[in-house]
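Use the sequences and the hints to build the structure in full.
The listed protein sequences derive, respectively, from chains D and L.
Here the first sequence is numbered in the working numbering, starting from 1 and rising by one per residue.
Here the second sequence is numbered in the working numbering, starting from 1 and rising by one per residue.
To be clear, the hints were calculated from the coordinates, so they are not data collected in a lab.
None of these values were measured; they are calculated from a predicted model.
One thing to keep in mind: the hints can contain errors.
[What the hints assert, rightly or not] Straight line, CA to CA, 25 Å or less: simulated SDA-like cross-link-like pairs of lysine to any residue:
1) D:LYS65 x L:GLN265
2) L:LYS297 x D:SER166
3) L:LYS177 x D:GLU67
[As the list claims (entries may be wrong)] Simulated restraints, written as ranges between beta carbons of each label pair:
4) D:THR163 x L:GLN226: 24 to 34 Å
5) L:GLU233 x D:LYS65: 40 to 50 Å
6) D:ALA159 x L:ALA148: 31 to 41 Å
[Unchecked claim] A short, non-exhaustive set of chain D residues, derived as facing chain L with CB atoms under 10 Å:
7) TYR6
8) LEU9
9) GLY62
10) LYS65
11) ASP70
12) ASP134
13) THR163
14) GLU165
15) SER166
16) GLU167
17) ALA172
18) MET175
19) VAL176
20) GLN179
21) PRO184
Yeah, the Cβ is synthetic: ideal placement off N, Cα and C, and Gly gets one too.
Now for the letters of each chain:
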Amino acid sequence: MANPEYQSLDVRGTAVRFMRAGKGAPLFLLRGDDASEGWRGYMDTLAQSNDVIAPEHPGFGGAPKPEWLDSVADMANFYLDMIDTLGLQGVRLMGLGLGGWIAAEMAIRAKGRIANLTLVDAAGMKVADSDGIDLFLVTEEQGVLDKFADPAAGKAEQAFKLTPESEDTRIANQMVIAQLAWSPRWHDPNLRKWLHRVDVPTLIVWGEQDQIAPVAHAHEWQKLIKSARVEIIEGSGHMPYIEKSDAFVNAVSKFLNTERVPA
Amino acid sequence: MKIFNFHLMPYAHANLEEIRKQGTSWVTYSNAFYDPKKGADLYHEYLDQLEFADKLGFDGVAVNEHHQTAYGIMPTPGVLAGALARSIKHGDVAVLGRALPLVNNPLVIAEEFATLDNLLKGRFIAGFVRGIGAEYHTMGINPAESHARFHEAHDLIIKAWTQPGPFEYDGRYYKFKHVNPWPRPYSEPYPRIFTPSSGSIDTIRWSAQKRYTYCQTLAPIAAVAQTFSLFREEADKAGYQASPDQLCWSNAIYVAETDELALKQVRPHLEAYANDFLSRNPVMMSPPGYSSVASVKRVRAMKAFMSQRQSAEDILEKGVVIVGSPNTVREKLAAYQDLAGFGISLTKTQFGTMPHAMVQENQIAIAKEVLPYFKNRLPQPHVKAAAE
Numbered sequence: 001m002a003n004p005e006y007q008s009l010d011v012r013g014t015a016v017r018f019m020r021a022g023k024g025a026p027l028f029l030l031r032g033d034d035a036s037e038g039w040r041g042y043m044d045t046l047a048q049s050n051d052v053i054a055p056e057h058p059g060f061g062g063a064p065k066p067e068w069l070d071s072v073a074d075m076a077n078f079y080l081d082m083i084d085t086l087g088l089q090g091v092r093l094m095g096l097g098l099g100g101w102i103a104a105e106m107a108i109r110a111k112g113r114i115a116n117l118t119l120v121d122a123a124g125m126k127v128a129d130s131d132g133i134d135l136f137l138v139t140e141e142q143g144v145l146d147k148f149a150d151p152a153a154g155k156a157e158q159a160f161k162l163t164p165e166s167e168d169t170r171i172a173n174q175m176v177i178a179q180l181a182w183s184p185r186w187h188d189p190n191l192r193k194w195l196h197r198v199d200v201p202t203l204i205v206w207g208e209q210d211q212i213a214p215v216a217h218a219h220e221w222q223k224l225i226k227s228a229r230v231e232i233i234e235g236s237g238h239m240p241y242i243e244k245s246d247a248f249v250n251a252v253s254k255f256l257n258t259e260r261v262p263a
Numbered sequence: 001m002k003i004f005n006f007h008l009m010p011y012a013h014a015n016l017e018e019i020r021k022q023g024t025s026w027v028t029y030s031n032a033f034y035d036p037k038k039g040a041d042l043y044h045e046y047l048d049q050l051e052f053a054d055k056l057g058f059d060g061v062a063v064n065e066h067h068q069t070a071y072g073i074m075p076t077p078g079v080l081a082g083a084l085a086r087s088i089k090h091g092d093v094a095v096l097g098r099a100l101p102l103v104n105n106p107l108v109i110a111e112e113f114a115t116l117d118n119l120l121k122g123r124f125i126a127g128f129v130r131g132i133g134a135e136y137h138t139m140g141i142n143p144a145e146s147h148a149r150f151h152e153a154h155d156l157i158i159k160a161w162t163q164p165g166p167f168e169y170d171g172r173y174y175k176f177k178h179v180n181p182w183p184r185p186y187s188e189p190y191p192r193i194f195t196p197s198s199g200s201i202d203t204i205r206w207s208a209q210k211r212y213t214y215c216q217t218l219a220p221i222a223a224v225a226q227t228f229s230l231f232r233e234e235a236d237k238a239g240y241q242a243s244p245d246q247l248c249w250s251n252a253i254y255v256a257e258t259d260e261l262a263l264k265q266v267r268p269h270l271e272a273y274a275n276d277f278l279s280r281n282p283v284m285m286s287p288p289g290y291s292s293v294a295s296v297k298r299v300r301a302m303k304a305f306m307s308q309r310q311s312a313e314d315i316l317e318k319g320v321v322i323v324g325s326p327n328t329v330r331e332k333l334a335a336y337q338d339l340a341g342f343g344i345s346l347t348k349t350q351f352g353t354m355p356h357a358m359v360q361e362n363q364i365a366i367a368k369e370v371l372p373y374f375k376n377r378l379p380q381p382h383v384k385a386a387a388e
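Okay, structure coming up:
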């Protein structure tokens, strides 16, 4: 298993930490509330044929919330700056949960700059009668369980994630998440106005039993992005990359390898 | 000591069984359980009680603001204060307070408070708060911006009260081309300001630096004493000595002939207040960014404790409220004042399900047996020194 350490980069005055490992074309991986966590199995498999770059969101990990950070749009512009600063070409962009929302905002702005887009159980969309569980109203313990279809897998994730050592980081990260997602809750009504601008090959991967962003959200994204197709991961909740890691990696590897736009 | 009659205006007919089932009287306890006929009567009884307090010689009356809860039905306290402004003839009227971050235009609060200050010809006290955690759910305001919005809204209101308009205000959260509110406050330069808080060090420090009156919400007297001592330290650091009038303790008092009788009469109402009306989902109360990392951890640690029901004896033991014979109440209030050093008691005479007639008897007993003994009473320094 690759064991990358966090590197640090100054992007126009903001220090951002990221992990990087693997070989191949750059895969810019934006995670959600787990963006302070270390390297995990699915990342390792992706790194076999991709140069995986996984940043920790600005303001996460106990860093002060940057002055410029008000919204997901700010986050998207920041990461476009980061891609420029790193000098990445032909970037394949992948976002998980909250990271998916940021990635979609980037793709709208980066016409012609990214090779393809993968959204995994992405936040950001409001679908009538398909609200998920409001994670701001459940305990942290319950929130982890709610993200899994299989309660045993949820319990295992609780044990992995909810350690005393990471408690301060988790609480501080939640503040940044609230900054981005509190109101309107977990979505931006303006997003759907502009998703037609995404014209790169797009894969929408969704856990069949996602209770946070129910699967109707996957089909809504597909409706709004003409170049998108949907892969449903059976038996998975909100985090298919953890709960059904093999099925997830299979689905996205095939897409990343075949639907590449030449740089 | 000044003794104010403070009212929460609870919806006393709340369905306590349903609140117990849901674990909260906030946010999700349905307003289908509100009966407007009963509610209208309650409003009039509660306003009668505050008017009665003024006649009985309390130093003032106070209302506050909470949203979408049976705990208190005063979402717009200015309306209630306005209803009192023409009938409260002697004492002060305090709104403790308006939750500044919850509005998108703080100038409406500047206008509302200035109007009340005019109506009351200066017998008005302006309270500024952040609102409690649950209110960031009900009002859709981002808790991660709570502190910053509070400070900016406060600065804008003070500026609107002191700098002749019109002027332009270009802040981070609030932007106005024309700031020129009418009326200006009656008080020079503006009304007295109280800052109620549950004891966050940031608020204590800020309030001390601004030389405002710090008001400690419901808490055991030992914790109140610690909080007030922190305030005095922060005032020392800011280069002045805090006066007892800058320290205000929020409590509840119930007086009857004997200790036994008082406890017996108050028990169902006090226990409903502490266990049902106050019951809140801890997650709801602590939205991300509303409190510091350390406070969130403190709340999580308290979770087990909060889920246990408290008896009237527990609540009395901890010195959260004072209940007993006239003599007991006088002794305890004096001892607590000497321990904590406050100059203002913000006293609820009604709480939970307590009915109108019982409240009035309590008010009469307090007016006769307590108020006269505390006129001009200051904290006794030798006792305070021993406690510190």
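Evaluation of the provided hints:
1. Under the criterion of a C-alpha separation no larger than 25 Å, the hint pairing D:LYS65 with L:GLN265 is inconsistent with the structure, at around 52 Å.
2. Only pairs whose Cα atoms come within 25 Å are accepted, and L:LYS297 paired with D:SER166 is accepted, the gap being roughly 12 Å.
3. Distance check on the hinted pair: L:LYS177 and D:GLU67 sit about 24 Å apart at the alpha-carbon level, within 25 Å; holds.
4. Between D:THR163 and L:GLN226 the beta carbons are some 32 Å apart, a value that agrees with the proposed interval 24 to 34 Å.
5. The hinted window of 40 to 50 Å between L:GLU233 and D:LYS65 is violated, with their beta carbons roughly 29 Å apart.
6. Range check, D:ALA159 to L:ALA148: about 36 Å between beta-carbon atoms, so the 31 to 41 Å window is met.
7. For D:TYR6, the shortest C-beta to C-beta distance to chain L is roughly 21 Å, which exceeds 10 Å, and the interface hint is violated.
8. For D:LEU9, the suggested interface contact is broken, since its CB lies about 25 Å from the closest CB of chain L, more than 10 Å.
9. The restraint placing D:GLY62 at the interface with chain L holds, with a minimum CB-CB distance near 8 Å, inside the 10 Å limit.
10. Taking 10 Å as the C-beta contact cut-off toward chain L, the hint placing D:LYS65 at the interface holds, the least distance being around 8 Å.
11. The restraint placing D:ASP70 at the interface with chain L holds, with a minimum CB-CB distance near 9 Å, inside the 10 Å limit.
12. Here the hint on D:ASP134 is kept, as its CB sits about 9 Å from the closest CB of chain L, short of 10 Å.
13. Restraint check, D:THR163 versus chain L: the minimum CB separation of about 14 Å is more than 10 Å; hint violated.
14. At a threshold of 10 Å, the smallest CB-CB gap from D:GLU165 to chain L is about 13 Å, leaving the interface hint violated.
15. Among the interface hints, the one on D:SER166 is violated; its C-beta lies about 12 Å from the nearest C-beta in chain L, farther than the 10 Å criterion.
16. Contact between D:GLU167 and chain L, as hinted, is supported at the beta carbon level, the nearest pair being about 7 Å apart and thus within 10 Å.
17. Checking D:ALA172 against chain L by beta carbon gives a least distance of about 6 Å; that is within 10 Å, so the hint holds.
18. For D:MET175, the interface hint holds, the least distance from its beta-carbon to any beta-carbon of chain L being 4 Å, beneath 10 Å.
19. With its C-beta approaching chain L no nearer than about 7 Å, D:VAL176 sits inside the 10 Å limit, and its interface hint holds.
20. With a least beta-carbon distance of about 4 Å to chain L, the hint placing D:GLN179 at the interface is held under the 10 Å criterion.
21. Of the supplied interface hints, the one on D:PRO184 holds, with its beta-carbon coming within about 8 Å of a beta-carbon of chain L, less than 10 Å.
Consistency with the previously given hints fails for numbers 1, 5, 7, 8, 13, 14, 15, ordered from lowest to highest.
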